[in-house]
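Q: Protein chains in written order, with the numbering used here: chain A, 9 to 413; chain B, 14 to 282; chain C, 290 to 603.
To be clear, the hints were calculated from the coordinates, so they are not data collected in a lab. Among the hints, erroneous ones may be present.
Claimed, not checked - Over 10 Å on every C-beta distance to chain A, these chain C residues come out as not near it, computed from the model:
#, residue
1, I353
2, E361
3, V422
4, L443
5, K496
6, G577
Claimed, not checked - Computed list of lysine-lysine pairs in DSBU-like fashion (alpha-carbon distance at most 30 Å, straight line):
#, chain 1, residue 1, chain 2, residue 2
7, C, K496, B, K132
8, C, K537, B, K171
9, B, K225, B, K126
Claimed, not checked - Here are the computed distance ranges between Cβ atoms for each label pair:
#, chain 1, residue 1, chain 2, residue 2, range
10, A, A49, B, Q98, 41 to 51 Å
11, A, R185, C, Y372, 30 to 40 Å
12, A, R153, C, D348, 15 to 25 Å
13, B, M151, A, A49, 42 to 52 Å
Where a beta carbon is used, it is the ideal one built from N, C-alpha and C, also for glycine.
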Amino acid sequence: MSLKGIGTPADQARLARRKRIGQIYRIVTGIPVVLAVLLIATLVFDVTTDTVSWHVVEPDNEGVNLSFQEGFRWFGTWEHVVTQELEARGEDPAATLGDAEERRKFGLRNRVELLWSLNGQPMRWVVSNSRDDRVASYGWFEGNRMHDELLAGLEGGEQLRLNPWLDAAFFTKNASRTPLMAGLINALVGTVWVILLVILISVPIGVGSAVYLEEYAPNNWMTRFIEVNIRNLAGVPSIVYGILGLYAFVRLMNIGPVVLSASMTLALLILPVVVIASREAIKAVPPSLRQASYGLGATRWQTTSRVVLPNAVSGIVTGVILAVARAIGETAPLLMVGAAAFIPRIPDGPFATYTVIPIQIYSWVGENDPEFANVASAGIVVLLVILVALYAVAFYLRRRFERSW
Amino acid sequence: MASQAVPKDHVTVRTDPIPAGEAVVTLENLSLWYGDFQALHDVSLTVPKNQVTALIGASGCGKSTLLRCVNRMNDLVPSVRVEGQLSYEGVNLYDGAVDPVEVRRRVGMVFQKPNPFPKSVYENVAFGPRLHGYAGDMDALVEKSLKGAALWDEVQDKLKQSGLGLSGGQQQRLCIARAMATDPDVILMDEPTSALDPIATDRIEELIHEIKKDYTVIIVTHNMQQAGRVSDRTAFMHLGVLIEEGPTEQIFTNPQHEMTERYISGRFG
Amino acid sequence: MTQNAKTLARAAGLHKSGTRNVGERVIGIVLFLAASVSIVTTAAVILALSAETISFFADPAVSIVEFLTAREWTPLFPESQRYFGISPLVIGTLMVTFVALIVGLPLGLGSAIYLSEFANPQTRRSVMSVLEVLAGIPTVVLGYFALFFVTPILRDIVPGLNLFNPLSAGLVMGFMILPTISSISVDSMQAVPRALREAAYGLGASKHEVVAKVVVPAALSGIVASFILAMSRAIGETMIVTLAAGQKPTFTFDLRETIATMTSFIVQAAKGDQPAGSLASQSLYAVGATLFLMTFALNLVSQQIVQRFGERYE
Ligand SMILES: Nc1ncnc2c1ncn2[C@@H]1O[C@H](COP(=O)(O)OP(=O)(O)O)[C@@H](O)[C@H]1O
Ligand SMILES: [Mg+2]
Chain A
9 MSLKGIGTPA DQARLARRKR IGQIYRIVTG IPVVLAVLLI ATLVFDVTTD TVSWHVVEPD
69 NEGVNLSFQE GFRWFGTWEH VVTQELEARG EDPAATLGDA EERRKFGLRN RVELLWSLNG
129 QPMRWVVSNS RDDRVASYGW FEGNRMHDEL LAGLEGGEQL RLNPWLDAAF FTKNASRTPL
189 MAGLINALVG TVWVILLVIL ISVPIGVGSA VYLEEYAPNN WMTRFIEVNI RNLAGVPSIV
249 YGILGLYAFV RLMNIGPVVL SASMTLALLI LPVVVIASRE AIKAVPPSLR QASYGLGATR
309 WQTTSRVVLP NAVSGIVTGV ILAVARAIGE TAPLLMVGAA AFIPRIPDGP FATYTVIPIQ
369 IYSWVGENDP EFANVASAGI VVLLVILVAL YAVAFYLRRR FERSW
Chain B
14 MASQAVPKDH VTVRTDPIPA GEAVVTLENL SLWYGDFQAL HDVSLTVPKN QVTALIGASG
74 CGKSTLLRCV NRMNDLVPSV RVEGQLSYEG VNLYDGAVDP VEVRRRVGMV FQKPNPFPKS
134 VYENVAFGPR LHGYAGDMDA LVEKSLKGAA LWDEVQDKLK QSGLGLSGGQ QQRLCIARAM
194 ATDPDVILMD EPTSALDPIA TDRIEELIHE IKKDYTVIIV THNMQQAGRV SDRTAFMHLG
254 VLIEEGPTEQ IFTNPQHEMT ERYISGRFG
Chain C
290 MTQNAKTLAR AAGLHKSGTR NVGERVIGIV LFLAASVSIV TTAAVILALS AETISFFADP
350 AVSIVEFLTA REWTPLFPES QRYFGISPLV IGTLMVTFVA LIVGLPLGLG SAIYLSEFAN
410 PQTRRSVMSV LEVLAGIPTV VLGYFALFFV TPILRDIVPG LNLFNPLSAG LVMGFMILPT
470 ISSISVDSMQ AVPRALREAA YGLGASKHEV VAKVVVPAAL SGIVASFILA MSRAIGETMI
530 VTLAAGQKPT FTFDLRETIA TMTSFIVQAA KGDQPAGSLA SQSLYAVGAT LFLMTFALNL
590 VSQQIVQRFG ERYE
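Whole structure, please, built from the sequences with the hints as guidance.
A: The following block contains the structure:
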């Protein structure tokens with residue numbers, strides 16, 4: 009018998025083959041993991057680079073064209089920038105900005121752009137005329153590749169600009185027919201309103217259901233029916249909730265295509281998630297704590313509200329955050345209950361007409377002008393940043409929560 | 014009763030030591046750590062061929078750990094570190110060139126709780142041989158193994174049925190048959206009857222008696238009567254240290270070490 | 290309790306407090322009402338779908354036979370060109386689902402095996418979080434990605450591929466269902482008891498053999514259930530198909546054609562703001578009912594598989 013291992017040469021050859029197969033298994037099953045991570049990376053990369061594009065423009069000489077050597081500044085309104093520049097030139101900003109009509113016209117005509125690059129010079133602000141003639145547009149990569157060529161090819165008065173679609177102004181403008189004028193403010197506020205109401209509706213009902221099922225429900229057919237029912241609701245496609253919202257809220261109850269209809273629809277949509285997560289959290293509270301409370305003569309509700317819920321709260325909050333993240337990204341059901349592609353005013357309450365970020369993205373994707381793809385990608389980046397923040401909080405809470413028992 | 018500390022320099026008391034020529038498995042100064050916790054301290058033991066060696070000792074003293082060293086089952090625990098030598102037929106099993114897969118084929122194992130696969134009786138037995146590319150007549154091998162485990166008469170009509178459908182004792186004999194089917198030299202048994210009723214236990218004990226003409230058996234038990242009934246030699250462990258080993262009769266009637274005596278007379282553990 | 294006993298109990302301070310008791314009961318009832326919202330929701334879904342669907346079929350212009358057999362679906366067209374055969378929508382849905390499953394099943398199962406069996410716990414944890422994030426990407430974003438990133442690449446590879454096509458939508462959807470398959474399958478593989486794995490290792494199995502011959506077979510019910518659930522997800526998914534597969538009901542099995550699915554039709558019909566009670570509006574509910582039945586059936590099957598064939602280990 010050889011010192012190297014045991015077994016006949018034939019055995020050892022077989023063993024070597026089995027080992028190779030084992031390696032293949034590891035690699036083949038590892039590939040999907042890599043692919044999934046790659047897909048996310050590609051998606052984020054693609055979306056982010058879509059928010060920047062190169063333009064060759066011919067400035068419209070009838071508009072105001074100011075350019076500011078202000079350097080790198082992200083926040084501030086166009087009024088602020090214009091005021092500073094006009095003061096620096098010794099002119100009176102009030103002449104332009106003081107009069108409401110003049111100011112409106114100026115705002116419509118122009119936009120403040122943080123131009124990362126203008127004719128090869130980096131970083132400056134301009135207030136540019138939105139009617140500047142766009143001679144040509146190039147994606148980020150294409151523009152980079154052809155940069156020198158494009159610069160050389162500029163004809164009289166033309167400028168080469170690197171335009172970041174996702175600038176500070178993007179958050180202060182409403183949707184528009186002109187890509188350069190399009191912004192997210194109404195959708196952003198719409199999302200806040202809708203989600204606020206979603207939380208107000210779904211959390212009490214969801215946590216209440218979970219408390220009922222875990223702490224109160226008798227073990228009978230009714231309870232089992234509710235449980236099965238919740239599990240089934242979790243599998244219903246979101247668009248079906250949209251149909252329900254359209255039928256019940258918008259038409260039957262005649263609430264109309266307003267924030268409240270959207271919130272109720274989404275609240276029902278995430279309800280199963282909230283219930284299931286809350287039940288898990290409540291289940292994780294050790295029975296000994298309850299017994300201790302009952303042993304001190306507490307009633308059921310006292311035990312629930314003072315012992316069970318406080319100990320389950322981080323689990324419940326985690327579940328609610330994840331559910332809310334889902335609601336923020338939902339598009340299909342809101343298309344059914346009348347989220348509008350364009351609303352003239354910022355939503356200001358439960359009965360306002362509304363739009364939300366994903367709906368706005370959807371409508372931008374559907375526009376003919378290819379520059380709306382850039383606008384849509386700016387919206388997507390905003391949406392993803394919000395969601396990633398929520399997920400980060402949820403994961404953090406979950407980790408802490410797991411450790412506590 | 015407080016468990017008694019073992020002196021660091023304890024030397025295992027040996028009666029009638031086994032000459033090296035008759036050994037199948039030899040442990041030399043084997044130590045094992047789970048992370049920072051040392052579970053085995055310099056254990057040296059010689060296991061004779063075609064005999065039954067019993068490991069006894071209080072719960073948590075390292076019997077299972079020692080047993081699992083012999084087929085390198087401990088490799089599955091990520092934090093394990095082993096020092097010393099464990100040789101099988103003269104080959105150090107903890108040599109880097111030895112694949113645990115080959116070790117386990119030659120050193121079979123039967124667990125505390127019967128754990129047949131959720132497959133048919135036949136497939137349970139054929140599992141090992143299939144892995145190792147058995148080229149002969151599988152039906153015959155299955156029959157031979159089941160007969161070897163004294164199970165054939167009871168299951169010959171149920172070969173296609175799930176192994177989980179058998180009684181607990183039958184399941185454990187199925188696991189023994191399954192271990193035999195890879196044609197091992199050594200079979201390790203970790204408290205194989207602790208989950209069984211007395212009648213099933215009797216049958217397993219009888220079986221152990223029969224199979225020792227073909228296999229070397231190492232059995233962990235904390236049932237001292239069982240050790241007395243089935244084993245030829247007995248090793249007594251305490252807190253990871255091998256206190257004493259020798260012929261079973263000797264250990265039970267005339268233990269040399271005071272701890273051994275107290276353990277077998279039921280005064281601690 | 291007799292009057293006497295009551296008095297005694299009160300005297301001893303042991304009487305049931307009236308207000309406390311009523312308060313407890315009210316809370317119990319309120320909580321029960323919260324729990325019954327889910328039942329009301331289900332009832333409302335069924336009511337909404339069936340009421341309008343019944344009106345749809347009650348209309349003399351529509352027949353169930355036509356609905357099931359005709360090969361054209363044009364309910365939003367003027368009356369003279371209207372056809373009500375749902376098959377183009379169902380086929381469109383199934384084509385996208387098919388592509389999604391071709392992509393998602395192997396990737397989902399493969400990643401589940403890797404995460405459950407080969408990855409160390411720390412890798413498993415972080416990758417599972419990444420997969421959760423993948424599952425949380427809004428589908429409108431995935432639709433954008435399919436349309437603006439995947440489709441242009443595919444158009445360079447696949448000749449004759451339309452701008453809107455089920456191939457690209459299905460491909461991206463495959464990644465959407467990957468986390469569903471993966472997380473459920475990982476759970477069911479992790480539930481396979483250690484004793485079974487050890488039995489196999491004890492017979493000289495190497496890791497991949499334990500995985501292939503013991504763990505995966507023992508976890509099969511969970512894995513199959515995850516497949517079916519993923520299929521149901523794919524069928525009900527709306528935004529990816531609406532954006533990337535098109536809204537033109539076509540009776541075709543060609544993955545390069547522009548098609549419509551049940552879900553994308555529903556969106557199209559709702560956006561057009563059809564007057565309530567019109568056939569066009571009712572057709573939306575009929576398609577919704579069909580979609581609901583399909584996904585509901587799949588979800589039930591998936592739950593049944595887990596309940597009936599799931600190995601139970603102590
Ligand atoms: N996987 C493990 N990780 C860490 N410690 C372990 C592990 N397995 C056993 N131990 C410890 O090693 C000691 C010996 O255990 P074991 O061999 O199972 O004892 P016995 O079988 O004699 O009851 C015990 O203290 C036990 O807690
Ligand atoms: Mg043990």
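Q: Each hint should be assessed against the structure and marked as holding or not.
A: Hint-by-hint comparison with the structure:
| no. | hint | result |
| --- | --- | --- |
| 1 | I353 | 20 Å, holds |
| 2 | E361 | 23 Å, holds |
| 3 | V422 | 6 Å, violated |
| 4 | L443 | 14 Å, holds |
| 5 | K496 | 6 Å, violated |
| 6 | G577 | 5 Å, violated |
| 7 | C/K496 <-> B/K132 | 19 Å, holds |
| 8 | C/K537 <-> B/K171 | 58 Å, violated |
| 9 | B/K225 <-> B/K126 | 22 Å, holds |
| 10 | A/A49 <-> B/Q98: 41 to 51 Å | 50 Å, holds |
| 11 | A/R185 <-> C/Y372: 30 to 40 Å | 35 Å, holds |
| 12 | A/R153 <-> C/D348: 15 to 25 Å | 59 Å, violated |
| 13 | B/M151 <-> A/A49: 42 to 52 Å | 49 Å, holds |
Hints 3, 5, 6, 8, 12, counting from the list given before, are not met by this structure.
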